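Participant: Spelled out, the chains give:
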Amino acid sequence: MILFEHVTKLYASQTRPALDDVSLEIERGEFVFLVGPSGSGKSTLLRLILREENTSNGQVWVLGKELGRLSNWKIPALRRQIGTVFQDFRLLPNKTVFENVAFALEVIGKPSSHIKKVVPEVLEVVGLAGKEGRRPDELSGGEQQRVAIARAFVNRPLLLIADEPTGNLDPGTSVGIMKLLDRINRLGTTVLMSTHDAAIVDQMRRRVVELEGGHIVRDQDRGVYGYAR
Amino acid sequence: MRANFVMGEVGNGLRRNLTMTLAVIITVAVSLGLFGVSLLVRSQVSTMQDFWYDKVEVSIFLCSKGSDTASCSGGEVTTAQRDQIEADLESLRPLVSEIYYESKAEAYTRFTEQFANSPIVDNVTENALPESFRVKLSDPTQYEVVASAFAGRPGVEQVNDQRQILDKFFRLLGGLQLIALIIALTMLVVTVLLIVNTMRVAAFSRRRETSIMRLVGASNFYIQLPFLLEAAIAAGLGALIAIGGLVLTKVVVIDGILAPSFQFTAFVGWDAVIGIAPILLLTGVALAGIAAFLTLRKYLRV
Ligand SMILES: Nc1ncnc2c1ncn2[C@@H]1O[C@H](COP(=O)(O)OP(=O)(O)OP(=O)(O)O)[C@@H](O)[C@H]1O
Ligand SMILES: [Mg+2]
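One line per chain: the protein sequences are A and B, in this order. The first sequence begins at 1 in the working numbering and counts up by one. The second sequence begins at 1001 in the working numbering and counts up by one.
In short, the hints are calculated from the structure, not lab data. Everything numeric in this text was worked out from a predicted model, so none of it was measured. Ideal placement from N, C-alpha and C gives every residue a C-beta, glycine not left out. Do not rely on the hints blindly, as some may be mistaken.
Said to hold, decoys possible - Listed next, the in silico DSS-like pairs over lysine-lysine satisfying Cα-Cα at most 30 Å (straight line):
id, chain 1, residue 1, chain 2, residue 2
1, B, 1136, B, 1168
2, A, 116, A, 74
3, B, 1136, A, 65
4, A, 131, A, 179
5, B, 1136, A, 95
6, B, 1065, A, 74
7, A, 95, A, 131
8, A, 179, A, 74
9, B, 1168, A, 110
10, A, 65, A, 110
11, B, 1250, B, 1298
12, B, 1298, B, 1136
Stated by the list, open to error - Sample of chain B residues with no beta-carbon within 12 Å of chain A, all distances over it, derived:
id, residue
13, 1012
14, 1054
15, 1094
16, 1134
17, 1148
18, 1209
19, 1211
20, 1213
21, 1214
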C-alpha cells in the first residue's frame, strides 16, 4: 500500500532534512499512528504520500505507483484514491454539510444522480444524518471534523491520511472521531494518522511509528504513545 | 464533465469580482476598440490609395511661346519633337498604360469648365495654356522612369507627377495610423496585465476551494477551467463591445459625417469592418489566453 525506500526530504530553504533516510512499509488494511515531537517530519511524510512534495532522495510507492515517476497529469487520479483529513477541517464556510461533501464529487465530474445517492449514505456513516442543511459555523468542532471525514471517505478511498485530526478537539470529542476512523478502517480503508494525543494512541493499541528529527526511532505493533526507546 | 457545475462556478466568480470583471470588460473594449480603429484607418488609407492612384497621371507639359525653362530655349515645341515624344512614350509600354494628348484647345476647355464660376477664366486665353501628354502608368511607383526619360529634353517644359503630392498626404496618414496602432498595442499589453491581476485576485479569493479540489483529486483542467472561462467571457464581452463601437464608427462617423462631406474620395466599405471584427474577437480571446497562461501556471498548479 505504502512503501518508503531510503527517503530523504530536504526543503529548499532548510539545511537540515525534514526526513532523513526513512524506510517504511504499510500494508493494506493497517491502522498506523505517526507520532513524534513537533517538527519531526510527520506532516512532511504525509505530504510526500499525497505527492504534494517530491522526495529529494529515495523512492515513495503508493498504491503500486512510484511517485517520482508519476507524471503530473496522473496525480489527480492518485489523490482520488486517497482521502485526507486535517486538523483545521478545511470546509467551505458558505456551503452546507451536504454541499461540502458533494463538492468533492462534483469537482471530479461525478453525475448528480450518483451524488444524491452516496452523500446521504456517507453522512449516515459519520453520524451526521439530519444535519445536511447546516453550515460549518452551525456545527461543533467534532461535527465539522465528521463532515471532513465524510468528504474524505465519500469516494471509498483505499487509503485515508489524517494529519492530527483531533488536534483541535477536546478529549471526549476526539474519542468519537477515533471510533469513526476505526470504523472506516474496519470497512477496509488503510488509515495513516499523525497525532500528539497520547491517550488515544494508548487506548487504541495499534501500530505506532515514531519520528524524531526526521528519523524513524520506533516502529511497533500494538504500541503506545510514549514508550521508552 | 459537469457543465452546469462549471458554469455555476463561473457565474459565482464573475459576480464575486464584479468590479474587477467590469474593469476587464471596459479595458478590453477600449483597447480593442482603439486597435480596431487603427486597423480601420489602415484600410481607409489603402482604399484611398487605390482610389487616387488609379486616377493620378504623369503630365508632360510641352513648351509654348512664353516658356522660359532651359529646355524651352528653342521656342514652342515643334511637330517633330512632339511626334518623337509620343513615339518614345509608346515604346515605354507596358509601363505606360494610357497616353492621351491634350491640345491647347482642350486644355482651355477643361480649364474653363473647372473654373466656370471664377473670374480667372476671363484673364486666360487659349494660348496661355500648355499642350501636354497625360500618361497613366501601370505601376505608378515607376514614375522616375518616365521623369528621367523626358524631363529636360528639348520641347518639354516640365514633367509633373501628381502621385508625389498624394504620397506626402498618405505618409502623414500612415504616420497617424502607426501612432494609433502603437497606442493600441500598449493598451493591449496593459489589458493583459489587468487580466493577469484579476485572475490572480480570483485565484486568491478561491484558494480554499482550489486547495480542496486539489486534495480530492480534481484535474488541473477542472480547477483551471472556471478561471479560464471567466477571463474568456469578460474578454469576449469586451471584444463584442469593441466591435459594436467599430460598427457605430462606420455608421455614424464614416457614412454619416465623413462620406457626405468629402464626396471626392472613397471610404472603407463594410467589407473592411467585417474583416476586422473577427480579428478583434480573436485578439480578445488571445488576450485572455495569454493572461491565463501567465497566471495559471504559477498560481493554480496541482
Ligand atoms: N514547506 C516547507 N518549507 C520549508 N520547510 C518546511 C516546510 N514544511 C515543513 N518544513 C520543515 O520541515 C521540518 C518538519 O516539519 P513537519 O511539518 O513535517 O513537522 P511535523 O512533525 O508535522 O510537526 P508538527 O507536529 O508541529 O505538525 C520542520 O523543521 C519544518 O520547519
Ligand atoms: Mg504537522
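Participant: When the hints from earlier in the document are held up against this structure, which numbers fail?
Facilitator: 3, 5, 6, 8, 9, 11, 12, 13, 18, 19, 20 and 21
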